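Colleague: Sequence:
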Amino acid sequence: MTSATTSLNHADTTVGGDVPDYFALLKPRVMVLVIFTALVGMSVSHGHVSPAIGAISLFAIAVGAGASGCLNMWWDADIDAVMTRTAGRPIPAGRITPSEALGFGLFLSVASVLVLGLAANWLSAGLLAFTIVFYAVIYSMWLKRATAQNIVIGGAAGALPPVIGQAVVTGHVGIESLVLFAIIFIWTPPHFWALALIKAGEYARAGIPMMPNVAGPESTRRQIVWYSLFLFPLGLAPVALGFGGWLYAVVGTVGGLGMVAFSVRVLKNREGEAEKKAAMGMFGFSILYLFALFSALLAEQSLGLFRAVVA
1 MTSATTSLNH
11 ADTTVGGDVP
21 DYFALLKPRV
31 MVLVIFTALV
41 GMSVSHGHVS
51 PAIGAISLFA
61 IAVGAGASGC
71 LNMWWDADID
81 AVMTRTAGRP
91 IPAGRITPSE
101 ALGFGLFLSV
111 ASVLVLGLAA
121 NWLSAGLLAF
131 TIVFYAVIYS
141 MWLKRATAQN
151 IVIGGAAGAL
161 PPVIGQAVVT
171 GHVGIESLVL
181 FAIIFIWTPP
191 HFWALALIKA
201 GEYARAGIPM
211 MPNVAGPEST
221 RRQIVWYSLF
231 LFPLGLAPVA
241 LGFGGWLYAV
251 VGTVGGLGMV
261 AFSVRVLKNR
271 EGEAEKKAAM
281 GMFGFSILYL
291 FALFSALLAE
301 QSLGLFRAVV
311 A
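What the sequence shown shows, in my numbering, is residues 1 to 311, in sequence order.
Just so you know, these hints were derived from the structure itself, not from any lab.
Do not rely on the hints blindly, as some may be mistaken.
Said to hold, decoys possible - Straight-line Cα separation of at most 20 Å, SDA-like style, residue types lysine to any residue; simulated pairs: (1) Lys277 x Pro217; (2) Lys277 x Arg222; (3) Lys276 x Val260; (4) Lys199 x Glu273; (5) Lys199 x Arg85; (6) Lys27 x Gly17; (7) Lys27 x Leu39; (8) Lys27 x Phe59; (9) Lys199 x Gly272; (10) Lys276 x Ala204; (11) Lys199 x Arg265; (12) Lys199 x Val82; (13) Lys27 x Ala111; (14) Lys268 x Ala200; (15) Lys276 x Ala261; (16) Lys199 x Gly281; (17) Lys199 x Phe283; (18) Lys199 x Arg270; (19) Lys276 x Gly201; (20) Lys199 x Gly88.
Every value quoted in this text rests on a predicted model; they were computed, and no experiment measured them.
The whole structure should be built from the sequences, with the hints applied where relevant.
Modeller: Laid out in structure tokens, this is it:
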């Protein structure tokens, strides 16, 4: 039975949920990351946009990301119901019906694209529309249940916000946002596979072909190391290309070495509590790494803008 069929047959008699339930459908923690990385994409662009247009654009991008998350929850309601970390979400918990979530997600998708197109430009709106379709349809409905490379390919959706941000400011896509896209894209597999090593049993029960379940934990650990090794020099590319300064270089070097060190720790710790601590350490540090890397870039760009205004 497909997810759509299961979801539409599940709790369709439930009365609509409260505002917090609808907000939870938007995956707010993901929205925060999207806003942040889109803002960095805007900051590294060679152009200018008014604060009002910038704020409206970021809001539209955030709503588009939320719409993607909502449609993902609608489709994945059957999976969410059997996994401990997602069983309390509004649809499997019966607080919102699948049809309500679907309608909400579709409305926000169309509205966010239209607002971004009218406020900024239609290139950025088109990129946002592509991101929503890619995440909700290509990743959620196909890749997630079809291949162990789901996170690798599907990571493109989560890596696009900086590209959209640059398109808002300049009306085109430049090397700066493409490098940021590449960093997030390569960061995604080791980040999620670290968690998948711990949650492999739950993914197996849900029928999701995550890498540890398909290729095995040993292969997954080795791939985490290889991706981390590749991420290290890639994370320093902004320095080589001239839009990352000394602060970014320090953060990128320390953080990149940290990613490699944590990945080696995951490789060496294969059993019991040590395995769990290593994997969760990798998962947690990877979040810190990406946040620190983009924060350093944003700080440098903001300081440069401040100096330009003062001068």
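Colleague: Hint by hint, which ones does the structure fall short of?
Modeller: Result: no hint breaks.
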